[in-house]
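Listed here are the chains, written in short residue letters.
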Amino acid sequence: MSAKSKGKSRVTIFPDWCKGCGICAAFCPAKVMELNDQGKAVVVREEECINCGFCELHCPDFAIMVQPKVDSEIPAGSKSGQVNASPTGSVESEKSIKEKG
Amino acid sequence: MADIKGTQLIHEYLRHNKKFPHVFCSGCGHGIVLGSLIRSIHGLGLSKDDVCIVAGIGCSGRLAAYVDFNTVHTCHGRALTFATGIKMAKPGMHVIVVMGDGDSMAIGGNHLIHAARRNIGVTALILNNNIYGMTGGQCSPTTPAGANTQTTPMGQMEQSFDCAKLCTAAGANYVARGSVFHVKRLDSMIMEGIMNPGFGVVEIMTPCFTQYGRKNGFKSPVDMFHALKKNVIQSDRFDAIPEEERGEKVPSGVFVKKDTPGLEEKFYEMAARCQGGS
Ligand SMILES: Cc1ncc(C[n+]2csc(CCOP(=O)(O)OP(=O)(O)O)c2C)c(N)n1
Ligand code: SF4
Ligand code: SF4
Ligand code: SF4
Chain A
11 MSAKSKGKSR
21 VTIFPDWCKG
31 CGICAAFCPA
41 KVMELNDQGK
51 AVVVREEECI
61 NCGFCELHCP
71 DFAIMVQPKV
81 DSEIPAGSKS
91 GQVNASPTGS
101 VESEKSIKEK
111 G
Chain B
7 MADIKGTQLI
17 HEYLRHNKKF
27 PHVFCSGCGH
37 GIVLGSLIRS
47 IHGLGLSKDD
57 VCIVAGIGCS
67 GRLAAYVDFN
77 TVHTCHGRAL
87 TFATGIKMAK
97 PGMHVIVVMG
107 DGDSMAIGGN
117 HLIHAARRNI
127 GVTALILNNN
137 IYGMTGGQCS
147 PTTPAGANTQ
157 TTPMGQMEQS
167 FDCAKLCTAA
177 GANYVARGSV
187 FHVKRLDSMI
197 MEGIMNPGFG
207 VVEIMTPCFT
217 QYGRKNGFKS
227 PVDMFHALKK
237 NVIQSDRFDA
247 IPEEERGEKV
257 PSGVFVKKDT
267 PGLEEKFYEM
277 AARCQGGS
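Residue numbers (the working numbering), protein chains in the order written: chain A, 11 to 111; chain B, 7 to 284.
Hints in this document: simulated from the structure, not taken from any laboratory. Values in this document were obtained by computation on a predicted structure and should not be read as measured data. Using N, Cα and C, we set each Cβ at its ideal position, and we do this for glycine too. Be a bit skeptical, because a hint or two may be false.
As the list claims (entries may be wrong) - What the simulated footprint calls covered on chain B by chain A, stretch by stretch (three residues with Cβ under 8 Å from a Cβ of chain A suffice, anywhere in the stretch; the number is not a length):
hint, segment
1, 10-17
2, 22-30
3, 34-40
4, 150-159
Unchecked claim - Here are the simulated DSS-like cross-link-like pairs (lysine-lysine), alpha carbons at most 30 Å apart as the crow flies:
hint, chain 1, residue 1, chain 2, residue 2
5, B, K54, B, K24
6, A, K41, A, K18
7, B, K190, A, K79
8, B, K235, B, K255
9, B, K24, A, K50
10, A, K18, B, K190
11, A, K50, B, K235
12, B, K11, A, K41
13, B, K11, A, K16
14, B, K54, B, K264
15, B, K236, B, K255
16, B, K235, A, K18
17, B, K190, A, K50
18, A, K50, B, K25
19, A, K16, B, K190
20, B, K235, A, K41
21, B, K225, B, K236
22, B, K236, A, K16
23, A, K50, B, K221
24, B, K225, A, K50
25, A, K16, B, K235
26, B, K225, B, K190
27, B, K171, B, K255
As the list claims (entries may be wrong) - If you want the ones that stay clear, here's a sample from chain A, every Cβ over 10 Å from chain B, calculated:
hint, residue
28, G17
29, P39
30, N46
31, V52
32, V54
33, V80
Starting from the given sequences, assemble the full structure and let the hints guide the process.
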């Protein structure tokens, strides 16, 4: 992980992939995220992120991304706090887990 | 893919035509294992085509569906038999088997000990959540004594297997135990297990809140991660604690690392000898 200094990272959560387990919120050393009233993780103190890597390594749903903050690289949508609901669009319906079990 | 890392790297290896979020419950450790496996393979610089993931049946077995390597979803308990065939036919392939504790040590227990005895060159990841997750929380060979499960409502009365010791005794070349809380260490165990010759086992302690935690005093998946953090400790620290005070502590680390050639290496060496006529 890169430099342990604050304010240099952009933390993105994909709400469609987040299942609200709360692992990121419970263990983030900088208390960057909280669970909202819909039970999803949201970024509330991005500037405190020290890019320790914990959340990216432990999110069971690959729903958090921590990237270096380069202003010109930040798409307009995420500046205003909006993110894509999921990192991908396409989805294929799958047989139910029970059918296979 | 050179400088991609973290979650972005994981997304590069997922099959995005599958349904996401994946099927695992909120807070299930299996997803963390999938991330660790992807980072490990990427870290070793292996090509996707040179990796084959062979999964058994159980929630753990679902991992294979989501990831863009050669993958086989096999029968309950029999993943190691498919893997043995694949490794014998394609010795250059990195064959990685993903099984649950029930899959690997109950229905598949015989295959596990014989894969270890044969020392076939595959790497088994055993996702030990102490329970049959998929089928509704029946007790497994690793459910701790006293635990409350669907089939042991008055407390589990049998002894439980120590997976790492079982595989060690059966002759595995590489045996390690890690947890989904201690992920960086887990990454290095998986990498070492893949590169070590012969049969390798990485037992991974991972929580199942849905079927185990709820019945055994845990308030949330987060609670179970706190328990992993506290209880899964390095084996030298574990050994230093007097036996009667170990309680729920579990030793972690690399227990066995031998370089005996795998069965497939011996086989192809024998085949070359026969063809050479000597
Ligand atoms: C031959 C056969 N017997 C029984 C089953 C039912 N079954 C499906 S998964 C499973 C146990 C899974 O437990 P485990 O291996 O611990 O994996 P987990 O779901 O906890 O990841 C069982 C008994 C089956 N699919 N096939
Ligand atoms: S760890 Fe992942 S799935 Fe869990 S609450 Fe955080 S973002 Fe959501
Ligand atoms: S990288 Fe570390 S500090 Fe930043 S949000 Fe994730 S857990 Fe918190
Ligand atoms: S039942 Fe348990 S093992 Fe299966 S997905 Fe849910 S938490 Fe994971």
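Against the structure, the hints come out as follows:
Against chain A, the segment 10-17 of chain B contributes 5 residues with a C-beta closer than 8 Å to a partner C-beta. That satisfies the three-residue criterion, and the hint holds. Interface restraint, the segment 22-30 of chain B with chain A: holds (9 residues with C-beta to C-beta distance below 8 Å; minimum three). Look at the segment 34-40 of chain B against chain A: 5 of its residues bring a Cβ nearer than 8 Å to a Cβ of that chain, three or more, so the hint holds. Only when three residues or more bring their CB closer than 8 Å to a CB of chain A does the claim for the segment 150-159 of chain B stand; here the count is 0, and the claim is violated.
For the given pair, K54 (chain B) sits about 18 Å from K24 (chain B) by alpha-carbon distance, which is consistent with the 30 Å threshold. Between K41 (chain A) and K18 (chain A) the alpha-carbon distance is near 16 Å, which keeps this suggested pair within the 30 Å criterion. The suggested pairing of K190 (chain B) with K79 (chain A) holds, with an alpha-carbon distance near 24 Å, which does not exceed 30 Å. This hinted pair checks out: K235 (chain B) and K255 (chain B) have alpha carbons roughly 10 Å apart, not beyond 30 Å.
Taking the CA atoms of K24 (chain B) and K50 (chain A), the gap is about 22 Å. The hint holds against a cut of 30 Å. For a cut-off of 30 Å, the pair hint linking K18 (chain A) to K190 (chain B) stands: about 23 Å separates their Cα positions. A C-alpha spacing of about 24 Å is found between K50 (chain A) and K235 (chain B), which places the hinted pair at or below 30 Å, so the restraint holds. Proposed proximity of K11 (chain B) and K41 (chain A) is supported: the alpha carbons are some 22 Å apart, at most 30 Å.
Distance restraint check for K11 (chain B) and K16 (chain A): the Cα-Cα separation of roughly 20 Å lies within the 30 Å cut-off, and the hinted pair is therefore satisfied. Annotation: proposed proximity of K54 (chain B) to K264 (chain B) holds, straight-line Cα distance about 27 Å (limit 30 Å). For the proposed pair K236 (chain B) and K255 (chain B), the alpha carbon gap of about 8 Å is at most 30 Å, so the pair holds. Taking the CA atoms of K235 (chain B) and K18 (chain A), the gap is about 28 Å. The hint holds against a cut of 30 Å.
Proposed proximity of K190 (chain B) and K50 (chain A) is supported: the alpha carbons are some 26 Å apart, at most 30 Å. Only pairs whose Cα atoms come within 30 Å are accepted, and K50 (chain A) paired with K25 (chain B) is accepted, the gap being roughly 19 Å. For the suggested pair K16 (chain A) and K190 (chain B), the alpha carbons sit about 22 Å apart, so the restraint of at most 30 Å is met. Using a Cα cut-off of 30 Å, the hinted pair K235 (chain B) and K41 (chain A) holds, with the two alpha carbons roughly 18 Å apart.
With a C-alpha separation of about 16 Å, the suggested pairing of K225 (chain B) with K236 (chain B) holds against the 30 Å cut-off. Proximity of K236 (chain B) to K16 (chain A) is assessed by CA-CA distance (about 28 Å); at most 30 Å being required, the pair is judged to hold. The suggested pairing of K50 (chain A) with K221 (chain B) holds, with an alpha-carbon distance near 25 Å, which does not exceed 30 Å. Distance check on the hinted pair: K225 (chain B) and K50 (chain A) sit about 18 Å apart at the alpha-carbon level, within 30 Å; holds.
The hinted pair formed by K16 (chain A) and K235 (chain B) meets the criterion: a straight-line CA distance of about 26 Å does not exceed 30 Å. For the given pair, K225 (chain B) sits about 26 Å from K190 (chain B) by alpha-carbon distance, which is consistent with the 30 Å threshold. A threshold of 30 Å between alpha carbons decides the hint, and for K171 (chain B) with K255 (chain B) the separation of about 15 Å falls inside it, so the pair holds. Listed as a non-interface residue, G17 (chain A) keeps its Cβ farther than 10 Å from every Cβ of chain B; the least gap is roughly 18 Å.
Residue-level check passed: P39 (chain A) sits 13 Å from the nearest beta carbon of chain B, beyond 10 Å. Even its closest Cβ contact with chain B, about 15 Å, leaves N46 (chain A) beyond 10 Å, as expected for a residue assigned away from the interface. The beta carbon of V52 (chain A) is kept farther than 10 Å from every beta carbon of chain B, the shortest such distance being approximately 16 Å. Distance to chain B confirms V54 (chain A) as a non-interface residue, since its nearest Cβ pair spans about 18 Å, more than 10 Å.
With 10 Å as the threshold on Cβ separation, the claim that V80 (chain A) sits away from chain B holds: the shortest Cβ distance comes to roughly 13 Å.
Figure legend: structure checked against the earlier numbered hints; the only hint not met is number 4.
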